[in-house]
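Those protein sequences? They're chains A and B, same order as listed. With the working numbering applied, the first sequence covers 1 to 135. With the working numbering applied, the second sequence covers 1 to 421.
The set of hints was computed from the structure by calculation and includes no laboratory data. Any given hint could be a false lead.
Stated by the list, open to error - Here chain B is said to cover these stretches of chain A; the calculated rule only asks that three of the stretch's residues, wherever they fall, bring their Cβ under 8 Å from a Cβ of chain B:
| # | segment |
| --- | --- |
| 1 | 62-68 |
| 2 | 99-109 |
What the hints assert, rightly or not - Here are the simulated DSS-like cross-link-like pairs (lysine-lysine), alpha carbons at most 27 Å apart as the crow flies:
| # | chain 1 | residue 1 | chain 2 | residue 2 |
| --- | --- | --- | --- | --- |
| 3 | B | LYS127 | B | LYS63 |
| 4 | B | LYS240 | B | LYS275 |
| 5 | B | LYS275 | A | LYS86 |
| 6 | B | LYS202 | B | LYS334 |
| 7 | A | LYS71 | B | LYS334 |
| 8 | B | LYS202 | A | LYS86 |
| 9 | B | LYS80 | B | LYS390 |
| 10 | A | LYS97 | B | LYS127 |
| 11 | A | LYS86 | B | LYS390 |
Note that the structure is predicted; figures quoted are calculated from it, not measured. Backbone N, C-alpha and C define an ideal beta-carbon position, used for all residues, glycine too.
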Amino acid sequence: MNKLFRAMIPIVFAAATSLTAAETVVIVSQRNPVRRMLPLQAAQFFLGQSALLTAIDQAENSPIRADFYLKAADMDAGQIKAIWAKLVFTGKARPPKQYASSAEVKRAVAADPKAIGYIEKSDVDDTVKVILTLH
Amino acid sequence: MIDRALNLQNELSYNVDRRGQKMKKLAMILLAASCSAFAETSTDGIFVSGFGTIGAARSDTDKAQFVRSNQAEGVADTAKIGLDSNLGLQASYEFNDVVSVTTQVLTRKSTSPSYTTELTLAFVQVKIDDELNLRVGRMGLPTFLISDYQNVGYANTLMRPPIEMYSQTPMETANGVDFNYQHAFDSWNFTAQGLAGVSRGKLFLPRSGVTEDYRAPTVALALGAQVGSVTLRVSRVEAKLSSDDNVPINDIVTALNSSGFVQLGNDITLITGKKIAFTAVGLTGKWHNIVVQSEYGQRRNKDQSSVPDTDAWYAMVGYRLGNVLPYYSHADFKGAGSSITLSSNFPTSGALSSSVRGVLTSAAQSSDTLGVRWDFARSVALKVQIDRIKPTSKSGSLIYGPAAGLKDTVTVVGATLDFVF
């Protein structure tokens, strides 16, 4: 029994670690009818490819922003900036508005049925709806 | 960043005319007003942003000059900053969620040996719905894959737009109306841009060292399909190109008329507008760490015209290693015949014959490019690039070459700092 316990310790520990590690989730307003979305679909709104939903971005230096673009679009900050340079300087689109924290993103998304944002899973409450968890 | 941009602006504006000076002042005021990162400066609906390149380049020959498309001064065997350096400033104002206005000025060395400032964008945009925008004013022409952002070094992997493709047309902007339609379907995104307007500008004529003013009523259509970061795009531009002051062509037409070849003169002249079409298919994107960009494009006359038909293509492949992106590209352009067939009674030798045959023949070249882009800091990229240019007809894209045409391989090395703010 004791041996079994010892064997389980690392497994339990690993599980606990993965639970506490920050997970990024994509959110919309509770009033938005969308229920689920694929990572590439979510990325479209943040890369100027679709304006059907209004993207709400995190601060430029934030770790969650880097995590979101890496997992949703497989791109780093420089690549995202180059894409926006294309769109801005042809006059075709403007980058998403940025908010300083997950709390502000959540508030902006909750207030606008057309908004889409991303926050840490631990910051989710019932003012917003999770449509995608990024791994 | 702002300081550096202002310094560059000072440097670039050293030679510009008085209009340019005014533009510079305006630009500096706008710039000073913006103390935040790229395209995020928003005060009551005003957005100010900019892009630029500081670069130096040289070649290994003094027999000809290497230029970008439509440049009056290039580089030979001493390093110069004028080839690649430029500065663009853009301001937008959103009246509300539907109507906005955007202007952009670009300072660079183009058809004049000194820096000049041009108005590259000036339009009012009306958002019809989430998928459709209409614009009225001056817009970039979507002729080829990167045509409407070819001057934004930061937005491109290559240091310069491949001259083999991009020198097929001098037309960069048009005044008129356009629509931009965007439709997302599952993970796909489809775009359509249609434009009708008039393109005006200058074309540098290296053989005589003068510029012509051209005018071209133009229609354009570009269709794109995007999935993830891969974009496939087809485009077609048709223009009726005319120019009153193309001195070399006008001289030939005068000589033809006085020699009795009136019909040939009418075919060669550009004073009456000549229909010309550009068709291109391009692909850009990345797959894991592999970055690709490739394009095929052609220029075809729809009327009898002295402008030769041309075919061009290039293929670039890069491999991303974190912030560092080494790349290789091969490009090629060549003549695809002339819309004019010389009659059997036209002389086969003599001065008039050789100038007519010379005009109807396209330049041709291929090139190999090896370079690296390093995104070493936020909003700044350093590029180093080596080009090996092999001219095969009429000195290729090089200017001021020997009369018989340069056939030597020319090596060009360049380094640039591209930035956005």
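Hints, one by one, checked against the model:
no.	hint	in the structure
1	62-68	violated (count 0)
2	99-109	violated (count 0)
3	B:LYS127 - B:LYS63	violated (52 Å)
4	B:LYS240 - B:LYS275	holds (4 Å)
5	B:LYS275 - A:LYS86	violated (30 Å)
6	B:LYS202 - B:LYS334	holds (23 Å)
7	A:LYS71 - B:LYS334	violated (43 Å)
8	B:LYS202 - A:LYS86	holds (25 Å)
9	B:LYS80 - B:LYS390	holds (21 Å)
10	A:LYS97 - B:LYS127	holds (18 Å)
11	A:LYS86 - B:LYS390	violated (31 Å)
Of the numbered hints listed earlier, those contradicted by the structure are 1, 2, 3, 5, 7, 11.
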